[in-house]
Structures are given as C-alpha cells and as structure tokens.
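Chains as they are written, first to last, in our numbering: chain U, 1 to 135; chain Z, 1 to 655.
Read the hints as simulated data drawn from the structure, not as lab findings.
A couple of the hints might just be wrong.
[Said to hold, decoys possible] Ranges between beta-carbon positions, derived for each pair:
1. U:Ser100 <-> Z:Met1: 49 to 55 Å
2. U:Glu51 <-> Z:His137: 28 to 34 Å
3. U:Ser39 <-> Z:Lys595: 54 to 60 Å
4. Z:Pro219 <-> U:Pro61: 45 to 51 Å
5. U:Ala58 <-> Z:Asp220: 24 to 30 Å
6. U:Ser39 <-> Z:Glu148: 29 to 35 Å
7. Z:Ala98 <-> U:Ala64: 45 to 51 Å
8. U:Ser100 <-> Z:Ala493: 37 to 43 Å
9. U:Cys112 <-> Z:Ala42: 54 to 60 Å
10. U:Cys112 <-> Z:Asp220: 44 to 50 Å
11. U:Asp57 <-> Z:Asp312: 56 to 62 Å
[Unchecked claim] Take a look, some chain U residues computed to stay more than 12 Å from chain Z by CB distance:
12. Ala14
13. Arg42
14. Gly49
15. Asp50
16. Gly52
17. Val83
18. Ala85
[What the hints assert, rightly or not] Selected chain Z positions facing chain U (Cβ under 10 Å, derived; list incomplete):
19. Phe89
20. Thr134
21. Pro140
22. Arg187
23. Trp562
24. Ser566
Glycine included, C-beta positions come from ideal geometry on N, C-alpha and C.
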Amino acid sequence: MNVAVLPDPLAWRAAAANRPELFQTLDAGSRIGLIARTSPARMLVWHAGDEGIDVQDAPFPGFATSGVDLLLSADNEALAEIVAAVQGQLFEALRCGIRSGAVVCYMLRRRCDLEAKGYDELLEALGFAFMGACR
Amino acid sequence: MKPGEQKLPYLFQPGQFGRFKIKNRIKYGACCVSNYNTRDGAITERELARVKVIANTGCGIITNQGAYPDPLGEGKAYFRQVAIYDDKFLPQFEKIAAMIKEQGAMAIQQILHAGRYGGIDLGYCVQPSDVPQTLPHFRPPKIMTREEIRDCVRQHADAAKRCIRAGFDGTEVTSFMGYLLANFNSRFTNQRTDEYGGSIENRGRFMRELIDGIKQATPDNPLIVRLNGAELMDKWGGNTEDECFELMQQAVECGVDMISVTVGWQEAPESSIGRDIPPGYWNYLSERAKKMFPNTLVTFGNRLPDPRMANDCIRDGIFDYWEVCRPLLADPEMIHKAAEDRLDEVRRCVGSLNCLSRLFRDLPYTCTMNPALGHEVEPEYHVTPATVKKKIMVIGSGPAGMECAITAAKRGHEVTVFEKADRIGGNLYAYANNDLARPDDLHSIIRHYEAVARKLGIELRLNTEVHAKFMRSVLHQYDVCVVAAGAPIDREAFAHVEGHERLVDALDVAHGRIQAGERVVVIGGGKIGLTVGEFLRKNGAEVTIVEQEKRIAGDIKPSFKWRHASWVEELDIPCRTSSRVTRITEEGVTIVNDKGDRSFVAADTVLLASPRKPLHELLHEFEWMIDELHGIGDAVVPRGLEQAIQEGFRLGVRI
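Please build the complete structure, drawing on both the sequences and the hints.
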C-alpha cells in the first residue's frame, strides 16, 4: 500500500494558478481542503484571498473545525495519483477519484451557499454532476 | 382464479405474516415520501386521495409512507413529510389504516427517522458521528448523545404504539437509503468510540435497541426492518456486503419479523435504482438473505419492476414477498392487470426517477408515466365518460398524441391518430433506439400505446401526413383536431452559416433514415445531441459535440444529467462548450469559442441537434378548418417525455 503523502504545498498552489478560471470566481475566504483518508493528520488548503489562491499546510483539526467549504478526502492510492497529476491533469484526476469513490468530496456548506461563494466552476470541474441523489 | 393468477401462481398465492393472512405475495413498499402534506406534518386530503389509490392496488401488504417520530423534526427529511410524534395526528392515520384494510390488505406504517438526511427545517441533522455531507442539500451534522439516542429509541417505540392504536397491523423502520438506522450501522457515518460505535456489534446496538423497543411496545404486531444488502458506500469506508448481512443477522436474532432487503444510499457513488441498472441485477442480495434466514420472511423489489420476474423469484426462493412501489406509481392497476392476464396493457415504470428528482427539489413527487399521480383529489384529472361524444383527429403518434388519444377514447370519444411515419411513437422511437441506458424501457411505452390503442379501437392511420390540403379533404368529418406533431430541428437557425446545406438532421440519423459517417460533429449538447452522439460513438464513430452554452445537458433531468456526463467521459467524446460553428465544408467544421479562438474539426457528417422549433404553422393553418383545435407537447413548446405525457392526458381528460 502507498504511504499517504500530501502534495507539495508550492505545487498545490501552482496547480490552482494553472486553472484560474476555476478559482477566480471564489469569494475571498473560500477554502478547499485535502486530507489523507487513512491518516488525516494534516490538511492542505487552497485559500482564496484578495491576491488569489494561497496554500496553507496545517494540522487537520477534524471535520467540524476544519473551516473549509469543501474537503477532499483521498485514499492512499488516489493521493498518489493526485501527487503525480499535480503539475498536469490534476482536476481530471480528482474528478476520476471522486467518481470511483477513491476520493470523498465532503460538502461543509449547503449548495446555495457554495454557489453564492462562486463555487460553480470548481464543482463542475470536480464532476459534481456525478453526485446526484438516488440513482 | 383469474387467468393471470394461474400464470403467476407464486405471486398470487396467499401468505401468512405473523397472525395475519395475506391475500398474495405483494407488498407495497414505502419507496417515496409524497410531499403532499402540510409543513407541520399533518395529512392532507390530497394525501388521503392518493392513499385510496394505493389501497386499491391489490397488494397483500401495504406500507404507508414514512412518518417522522420526533417533535423537533430532526427525523424529517422532506418539507411536507407526515409526522407521528403526537396523538393529534391519529385521526388521519386511522383513516389511512381503514382504507388499506377495507381492501383486504395488511396495513403497515413506516416510521422514518432520516438521520443524516433529516432536519430539513432545522439548521442541522443528527448523526452518530461528525461526518460531513457529500450532497450539499442536506444539513450539517450534530452528534447524538447517549441520552438523545435513548430518547430517539423511545420516540420510535411511542410512534409504533400510535400506529397500532390508529389501526395499523404492524410497523416498519427503515435504513433505506442512508437514514438514521443506516447511519448507525455503517462504518462510514458511525465513528463513535462508545458502546454505539467501533465493532459491528456496537454499530448494530442502536438497531437492536430500536427493534427491542418497538417489539416491547407492540408485542402482538409484526415489525419489518428495511436493511441494506449493499450500501454501495464501501469505497468511501462504509460497510461491505458481508457486514450488511452480519447486521441483518443481528436484526433476525433480535426477533424482527420480516427483513426488507434494499440497496444503496442516496449519496452512494454508484447507481442502484436508475434505468441504467438492468432489472434483476440486485436479486443476489435477496437470495443471500433468504438463504441465511430461511425462517424469517424476506421481501425485496429494488430494480425488479416485472410481476413475471417477481413470480419466478418467489418460486426460486429468492424472496417471500415482492416489494414494489415505483411500478405502482406508474400504473396503480398493474397488479389487477397481471391477475387478469393483461400485462401488455401495463404502463411500465421507466426508471426516469422523476419522482425522486422532484423530492430533492423539495417538490411533491410526480410520475413521468402517470399524469394523474398526485392529482387524485382533483375530479378534473379523473377519466370520466364524456358528456358529448366527439370525433377526434390527433396529428402525431408520439407520447403526447397517443396519451391524448387513449385518454379521450377511454371517455367514449371516437379517435383517429394520423402519423406520417410507418410506425407510432414519434421521436420516442428514435430516442429508444439510441438510448444507452435501457432501450427496452422506452420501447415499452410504445408497445403499451399500441396494445391499449388496439383494445380501445383507436384507428391508427400510418404513412399519412396531415397538411392544409389533407385537412380540406376531411372537412366536417371531425369535431376536434389535436396537433401533437412534435418539434423538428430548426435548420433556419443555421441558415446564415456558410455551408449550412451540409447539415444533417440529428433526428434523421436517430430514426435510422440517414447513416452518419465515421467522423461526426454534433451541434447541440442537449438531450438529442448527446443521445445520438453517445450512440454513434459507442458504435465506433469519432464524435465531437459543439454546444453554445457553457455546459452540456442543459435540458436533461437532474437524475439523468450525471449519466450523460459520465457517458461523455467514458466514451471520450470531446465537448466544445461556449462554442459555435461558423463554417461547414466537405472536410469538417470551423468552430469559434466565446474568447474568439478559432479551430477546425474534421468531419464527414455534421449533425444539427438543436434548436427545435414547434410546429405552430399547423395550428395557424387549421384554425378556420375545424370546430375545436388544440396543440400539445413539443408542438407547443419543445420539452420532453414527461411534459408530452402530462399534456396529452390533461387534454384527453377534458375534451
């Protein structure tokens, strides 16, 4: 089994910078977290600020106090794929992981709040259409 | 014994459930909450009228839809769900129990605490642990304390007592599809470290206490528990199938009287009950339950819509009772038609999941196939004999035209359907032929129309196009003309594009009238363009979809949008969104996106799939040629199957 390693924070920031169309509509203060599902000790966060997307690497404080809007929880194999794709087709890898179940995308805000905060493009890129109820 | 009962002897054989004799092996499942009631949980006349139809379905056991058991509404999943936390609700439940029992059925009341999917009026939902939602229309979680768990069990027991006092014969609790019981059972949502979490023994404790509490409160009445045979959540850390069956074992050992085997959670990353799942796919789960618990009754029905399949399953020991709901939403007469050997007249559930799509938009449920569902209380939706019998001509034999023709004929009108093609069905036929999910479901609609039209004596005049000249030739022969001729693709919208004469109508390809080449560009990423494009790609063509909007699938229902999106990905179909075609040549098309970037896609066939234009000209031309003139379906506004059927029925019922 692969060891759970989060992507390099600088590469994670660059990945967001490479897809500005997904992030430029986000309100300042919007936060998207990434954790390792098997050992969620640390959390990598895309943080939308006035100057664009910043990255924070901090201890994972648990779901309730994570302070993120979306939380991507990846199993070890998916995490390895995310790390490998961070400089390339990252959002395709994330979407594929979400669809296969290797990545759980937790929504810590209601859809109307997410839409109001400008998450439409990012949710679409993550394949939100796959996550309908009762299929 | 009726002829159909002889053909389906296992389904129609009597059964025994506890001290209750059951007239057949069919259980009406509480698959959907109707959302027809008041915001504070009281049952409405609309609901009672609906229950009367359910009571008359002919099922041996009828389960009334889930009622939430707590006064705060933490268990409430739907805005207009019924409540049973107080005696004030009893009079209406008494009416429901009486209606069911008057028809000779056993009456079961489901108690539904939605857990993770509950608290719809509150700012939170209750769960065993703090596991956030994956579907953002649900509420953020609040962890239940031990005291709250004990209260919850007591509320269920009190609710069960209330059900029996109302006249129900038994009760049911449900984990389906990810409700509170499932939340405790599952490793995904139960991460507690106390006696209610951790081991499977501990995770099952809440269920055992629930069963025990209800059994103690209602010792003389059977209890059914609906439990997942597969959560489909195991990829997210939920229970494996083996664990699901261990939990069933706990329920059986705890003395539950019937196990209802179910599949999937609402948020599961896999399909469970949609049209893309073949009928019978999940039978193995029920078979496993029956083998494991031969002395406990097992009921099952997920994605098992056909009475003949259910009969064979009972014969083969796969389950004891067929649990059926959605097929009876589509056709409440299905059991009677099966008993009378009239299965060809059954209006099948096509698994569009319109019912659930509506619930998750906080709307009352309706049915694509049954336009009267939800309107039972309204006399305007009842098929009653016409006061004045009329001669009606219907132009077009798609779903709108056939629905109108059949409804009008049932009322005593003399109906003739004119169809320019050599078969009925209109564009539904093309849709069925190109559908990747389950073409037979869509073809079944056409077969149903054919069978019923034949029995009602509706004249079908195929290969007959109706235009002004034809109308003049039948002047004064008809009292009513209904234009249901659909909406063709609007080529005029592309008349300004260089090379537009090379455009091929996507519907011509879908109908098989024109063969597409090996490299295809489809203009329009809506329902028609995607369906045709996916089919061509599946059969080996290179397909590119060009859509002027930002997203594809804009006109597709939420319950099926995800399926098209995934087919497009799986089949590797490039989608050029926010783009338009500016030039078409023999070699291909030139495309410009919203940033002004120009590109070329090689193609030997360019299909036009959008927009569609309703045939208003027929309405204008015929206005002075007939006493009554109506338009329905796509001929008025291009939409979809549901609207076609609804409008056809609504006109047919009032002409």
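Hints, verified against the model:
For U:Ser100 and Z:Met1, the Cβ-Cβ distance of about 51 Å falls inside the hinted range of 49 to 55 Å, so the restraint holds. Checked against the hint of 28 to 34 Å, the pair U:Glu51 and Z:His137 passes, with Cβ atoms roughly 33 Å apart. For U:Ser39 paired with Z:Lys595, a C-beta distance near 43 Å fails the hint of 54 to 60 Å. At about 48 Å, the beta-carbon gap between Z:Pro219 and U:Pro61 stays in the expected band of 45 to 51 Å.
Against the hinted window of 24 to 30 Å, the Cβ-Cβ separation of U:Ala58 and Z:Asp220 comes to about 58 Å, which falls outside the hint. Separation of U:Ser39 from Z:Glu148 is about 30 Å and conforms to the stated range, judged on CB atoms against 29 to 35 Å. A hinted range of 45 to 51 Å holds for the C-beta pair Z:Ala98 and U:Ala64, which are about 47 Å apart. At about 40 Å, the CB distance of U:Ser100 to Z:Ala493 agrees with the hint of 37 to 43 Å.
Here the CB-CB span from U:Cys112 to Z:Ala42 is close to 28 Å, at odds with the stated 54 to 60 Å. The hint said 44 to 50 Å for the Cβ distance between U:Cys112 and Z:Asp220, and at roughly 47 Å that hint holds. For U:Asp57 paired with Z:Asp312, a C-beta distance near 59 Å keeps the hint of 56 to 62 Å intact. Even its closest Cβ contact with chain Z, about 23 Å, leaves U:Ala14 beyond 12 Å, as expected for a residue assigned away from the interface.
Listed as outside the interface, U:Arg42 is consistent with that label: its C-beta sits roughly 18 Å from the nearest C-beta of chain Z, beyond the 12 Å cut-off. Interface exclusion of U:Gly49 from chain Z stands, the closest Cβ pair being 23 Å apart, more than 12 Å. The claim that U:Asp50 lies off the interface holds: its Cβ sits roughly 25 Å from the closest Cβ of chain Z, which is beyond the 12 Å cut-off. No beta-carbon of chain Z comes within 12 Å of the beta-carbon of U:Gly52; the shortest separation is about 21 Å.
Against chain Z, the non-interface label of U:Val83 holds: every CB pair exceeds 12 Å, the least being about 20 Å. U:Ala85, annotated as away from the interface, keeps every beta carbon of chain Z farther than 12 Å; the closest lies near 16 Å. Checking Z:Phe89 against chain U by beta carbon gives a least distance of about 27 Å; that is not within 10 Å, so the hint is violated. Interface hint at Z:Thr134: satisfied, since its Cβ lies 6 Å from the closest Cβ of chain U, which is below the 10 Å cut-off.
Taking 10 Å as the C-beta contact cut-off toward chain U, the hint placing Z:Pro140 at the interface holds, the least distance being around 7 Å. Taken as an interface hint, Z:Arg187 does not check out: its beta carbon lies about 12 Å from the nearest beta carbon of chain U, beyond 10 Å. With a cut of 10 Å, the hint placing Z:Trp562 at the interface with chain U holds, because the nearest CB-to-CB distance is about 5 Å. Against a cut-off of 10 Å between C-beta atoms, the interface hint on Z:Ser566 holds, since the closest Cβ of chain U lies about 6 Å away.
In this structure, the earlier hints numbered 3, 5, 9, 19 and 22 are contradicted, and the remaining ones agree with it.
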